[in-house]
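**Student:** Respectively, the protein sequence lines represent chains Z and C.
The working numbering applies: residue 442 is where the first sequence begins, and numbers increase by one.
The working numbering applies: residue 221 is where the second sequence begins, and numbers increase by one.
It should be emphasised that the hints constitute simulated quantities derived from the structure, not laboratory data.
You may find that some hints are simply not true.
As the list claims (entries may be wrong) - Computed footprint of chain C on chain Z, listed as stretches where at least three residues anywhere in the stretch have a Cβ under 8 Å from a Cβ of chain C: (1) 578-587; (2) 611-620; (3) 733-742; (4) 752-766.
To be verified - Simulated coverage check for chain Z against chain C, where a stretch passes if three residues somewhere in it have a Cβ under 8 Å from a Cβ of chain C: (5) 466-476; (6) 519-526; (7) 632-638; (8) 658-671; (9) 688-701; (10) 712-725; (11) 810-820.
As the list claims (entries may be wrong) - Not close to chain Z: a few residues of chain C, all C-beta gaps over 10 Å, as computed: (12) D275; (13) N292; (14) G343; (15) T405; (16) G421; (17) L430; (18) D432; (19) G470; (20) S487; (21) V537; (22) N541; (23) E607; (24) K644; (25) A685.
In this text the structure is predicted, and so the values were computed from the model without any measurement.
Glycine included, each C-beta is placed from N, C-alpha and C at the ideal position.
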Amino acid sequence: MLGAIGVGSVDDLFEQIPAEVRLDRALALPDGMAEDEVNRHLTALAARNTHADDEVTFVGAGMYDHYVPALIDSIITRSEFLTPYTPYQPEISQGGLQVMFEYQTAISELTGLPVSNASLYEGPSSVAAAGYLAKLENRRTKFVTSRGLHPHSRETLKTYSAGYGTTMVETPLTEDGATDVEALAAAVDDDTSAVFLQQPNFLGTVEDLGPLVEAAKRTGAIVVCQVDALTLGILESPGALGVDIAVGEGQPLGNRLDFGGPSFGFFAAAEKFIRKMPGRIAGETVDVDGKRGFVLTLQTREQHIRREKATSNICTAQALNALAGVIYLSWLGRKGIVEIGELMLRKTAYARQQIGLEAINPGPVVREFAVRVPELDGVIKSAREAGINPGYRLGQDYPEYEDGLLIALTERRTRQEIDALAEVLAGARVEAIA
Amino acid sequence: MTVNVPQEVRNESDTTRTIFEKSKEGRRAFVPPRDDVPEIGGVDDLLPASARRSDLPQLPEVSEPEIVRHYNTLSKKNFDLDTGFYPLGSCTMKHNPKLHERVAALPGHSRLHPAQDPEYAQGALELMFRLQGALSEVSGLPHVSLHPSAGSHGELAGLLLARAYHEDRGENRTKVLTPDTAHGTNPATVTMAGYEVVKLGTDDEGGVDLDDLRANMGDDVACLMLTNPNTLGVFDRNITEIARIVHDGGGVLYYDGANLNAVMGRSRPGDMGFDIVHFNLHKTFTQPHGGGGPGSGPIAVSDRIEPFLPRPQVVEVAPQNGSEARYDLDYDRPKSIGRLRGFQGNFGVFVRSYAYICSLGGDGLTEASETAVLNANYLKALLADPEIAEYIPVAFDRLCMHEFVLSGRGAKDKLGIKTLDIAKRLLDHKVHPPTVYFPLLVDEALMVEPTETETKETLDNFADALRQILLEAKEDPEIARNAPYSTPVRRLDEGAAARKPVVRQPRSSG
Chain Z
442 MLGAIGVGSV
452 DDLFEQIPAE
462 VRLDRALALP
472 DGMAEDEVNR
482 HLTALAARNT
492 HADDEVTFVG
502 AGMYDHYVPA
512 LIDSIITRSE
522 FLTPYTPYQP
532 EISQGGLQVM
542 FEYQTAISEL
552 TGLPVSNASL
562 YEGPSSVAAA
572 GYLAKLENRR
582 TKFVTSRGLH
592 PHSRETLKTY
602 SAGYGTTMVE
612 TPLTEDGATD
622 VEALAAAVDD
632 DTSAVFLQQP
642 NFLGTVEDLG
652 PLVEAAKRTG
662 AIVVCQVDAL
672 TLGILESPGA
682 LGVDIAVGEG
692 QPLGNRLDFG
702 GPSFGFFAAA
712 EKFIRKMPGR
722 IAGETVDVDG
732 KRGFVLTLQT
742 REQHIRREKA
752 TSNICTAQAL
762 NALAGVIYLS
772 WLGRKGIVEI
782 GELMLRKTAY
792 ARQQIGLEAI
802 NPGPVVREFA
812 VRVPELDGVI
822 KSAREAGINP
832 GYRLGQDYPE
842 YEDGLLIALT
852 ERRTRQEIDA
862 LAEVLAGARV
872 EAIA
Chain C
221 MTVNVPQEVR
231 NESDTTRTIF
241 EKSKEGRRAF
251 VPPRDDVPEI
261 GGVDDLLPAS
271 ARRSDLPQLP
281 EVSEPEIVRH
291 YNTLSKKNFD
301 LDTGFYPLGS
311 CTMKHNPKLH
321 ERVAALPGHS
331 RLHPAQDPEY
341 AQGALELMFR
351 LQGALSEVSG
361 LPHVSLHPSA
371 GSHGELAGLL
381 LARAYHEDRG
391 ENRTKVLTPD
401 TAHGTNPATV
411 TMAGYEVVKL
421 GTDDEGGVDL
431 DDLRANMGDD
441 VACLMLTNPN
451 TLGVFDRNIT
461 EIARIVHDGG
471 GVLYYDGANL
481 NAVMGRSRPG
491 DMGFDIVHFN
501 LHKTFTQPHG
511 GGGPGSGPIA
521 VSDRIEPFLP
531 RPQVVEVAPQ
541 NGSEARYDLD
551 YDRPKSIGRL
561 RGFQGNFGVF
571 VRSYAYICSL
581 GGDGLTEASE
591 TAVLNANYLK
601 ALLADPEIAE
611 YIPVAFDRLC
621 MHEFVLSGRG
631 AKDKLGIKTL
641 DIAKRLLDHK
651 VHPPTVYFPL
661 LVDEALMVEP
671 TETETKETLD
681 NFADALRQIL
691 LEAKEDPEIA
701 RNAPYSTPVR
711 RLDEGAAARK
721 PVVRQPRSSG
């Protein structure tokens, strides 16, 4: 091969790098390992993590311990889905493109909004992407967020908006842990580009979205709502309530916990935003023989065509994770999406009733709820000794709930497990009083 | 909104029927777990009427065997890296070792909750810390954040870092320089980060035009974003001078790591003078691309940028009194630009890339880049064959790094076939075409990146395929113009799709 090139050695190929920036030593990294050795090393590292089968977990805060059906593993590990690049050549990518089209349909159905893209990175950055779309659309200078919006979403939105200079105003929660509609109405003005809500909110409160959307739209702001896809069989769709852009975290839809990623973010919007949406969009068309097919469409929004005039910089997103999402939604089906929502709703109510501690959000809740736990540190310790991870410490994001515990339920948590949690929490409460 | 899709009955044999079109009332796959809280009321008792769903989502009603058959059938309409050659320029489609899927799926990784207390996630944090160390060594920059989700996310993080750095010094700079050879993500990121793009020209050697750089570098320039080697496969010989000009002007130098696969162990962005680097773990460090993700875009930075890194940061807590090292998530970073996403990053990707680095070791990574450059130069030499080079010559004829760019101008003028036609005819040869029509400054461009994991035979076959296509076009250009012929569909009407977008399955047909 060197002869064909006309050089004497591989070193000669690197002569094109100026000597002063050539690395004149070996990389200071360990020697390579055999496959078996790497397998053992990684297995040993993995064994030092306490995962969701090692304990009964009530931790949620955006990612949840749902069952992932085996057919997802079987399909997404197929080389034909696992190893292609983004479908730039549609003739040899009809499988992936049709998956995107089906995924978009499922997300559109869930959100009640007509246009979905083919995925973004994950939940919080999808919230930030919605903010950027709002900024492009109306050029206004202020974002109003509910304090019930996921703390990671609020922080990500703030990080992104520091670039293009939009200011952020946060509106408080009521004493019942719901968004304060009067405070929200007061915060929204003619400069408000977009208002950001979450349903159910970070505490699990089912917000009264109708009046919130109305208050947000008073001055023509764009309404963005982060939603939990698995509650959309029982909760009103954002589209029906007048939300302009619905986004969310895709992990609950057939994706692994994976210590936080990769999952996917979904992004659906009203028709009028279709030419400003971020991300890939698959569309239906025909080939030269009139045969049905699918392509990436509206690419004039995208960075590889429009460069600095693109509506987003996103390139690689989360196609494989979105595939898991649409398989999951097909598996769940038309009945299952309602059944799983009802199960979560009822298990959440049961858990709150059994635990009986002071509720931070006493109104309607689904999937999560927050309680005040006296002696929280000790409670968590004794729960963990009993093999239970009792929930998420709210104090790390909400100083006003320093003693708050956010408890998450999925369809997987059994009555027995919930009762065990209630018992640990009750025992600790007794200790605190004594 | 509809395009003219023929309304013939889509029967069982029509593989374009969507899962929604296969729906039949009453079919299902999901069996809900036993309802063990019967005494709790129903939905009406627990939710106010105003919150209840009015129009139920019409998901498909299908059984498990139907789902499996549906998606398996769809998968067979995809071309993929495990099946054939994928010389897609700047995408680094190297082999994805199968071990990586196994170790990523270990429950200790895949079932680990991201909000797990760090005390109970020491293995994951150690893995991340070790990966940070390896990326630091490869890039020659001391500090690494694994936080960003993909390359363009890393770019955004990088420009927000540059902004935070300048603002911390009390400077308000408004412009970012990008060469005209840059990936599209660069200028798009500049706009998203609130900066103005200033485009730099390319000199005769394929590098940055130094005069243009000098003319544009000023105290209003925050950053120069550069890919080196660039998208022409050319290593910029003036890199030290470029770095000097930018730094003298008070700017920050950003390295787009899309082409890092050319230089591992041979040259390091930190040593070239760059302040910020992003890595594409789904390119250089072999995360399978998944048909468009997931990826991961860690960044490495110099000391002066470090205070502004995203949070949380994975840190080692120094061992005390002979105890073992511990790892933690550090949120206490007052100058941090903050989060750009939820939780800690695409950990599943980190597992695969860390396994890759363990397998290859330092010498193996170096050898990977050496072989990538060898393969690219060998393929370039094969394509210098006059039967090919007469029509699609190399745009910058010198030694290349890991990729090179051909111009299809000759084929267009002499044979009447465009680069698009060559690409489509390659599909019939069971090869994924190179990146086409990029970079923009090369007419009818074909950007070829073979990677190190291809054999000489595969490269020889690719050259033969191109030769055959050109010889065939000499006889009859219509063959290429109407290609492909052997694919599940033939050329698709993208114009119609964009004019009247149909982006979901209409409801009534379900």
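**Student:** Hint by hint, note whether the structure agrees.
**Tutor:** These are the hints, each one checked on the structure:
no., hint, verdict
1, 578-587, "violated (count 0)"
2, 611-620, "violated (count 0)"
3, 733-742, "holds (count 8)"
4, 752-766, "holds (count 11)"
5, 466-476, "holds (count 9)"
6, 519-526, "holds (count 8)"
7, 632-638, "violated (count 0)"
8, 658-671, "violated (count 0)"
9, 688-701, "holds (count 6)"
10, 712-725, "holds (count 6)"
11, 810-820, "violated (count 0)"
12, D275, "violated (6 Å)"
13, N292, "violated (7 Å)"
14, G343, "violated (3 Å)"
15, T405, "violated (5 Å)"
16, G421, "holds (15 Å)"
17, L430, "holds (14 Å)"
18, D432, "holds (17 Å)"
19, G470, "holds (20 Å)"
20, S487, "violated (5 Å)"
21, V537, "holds (15 Å)"
22, N541, "holds (21 Å)"
23, E607, "holds (16 Å)"
24, K644, "violated (7 Å)"
25, A685, "holds (15 Å)"
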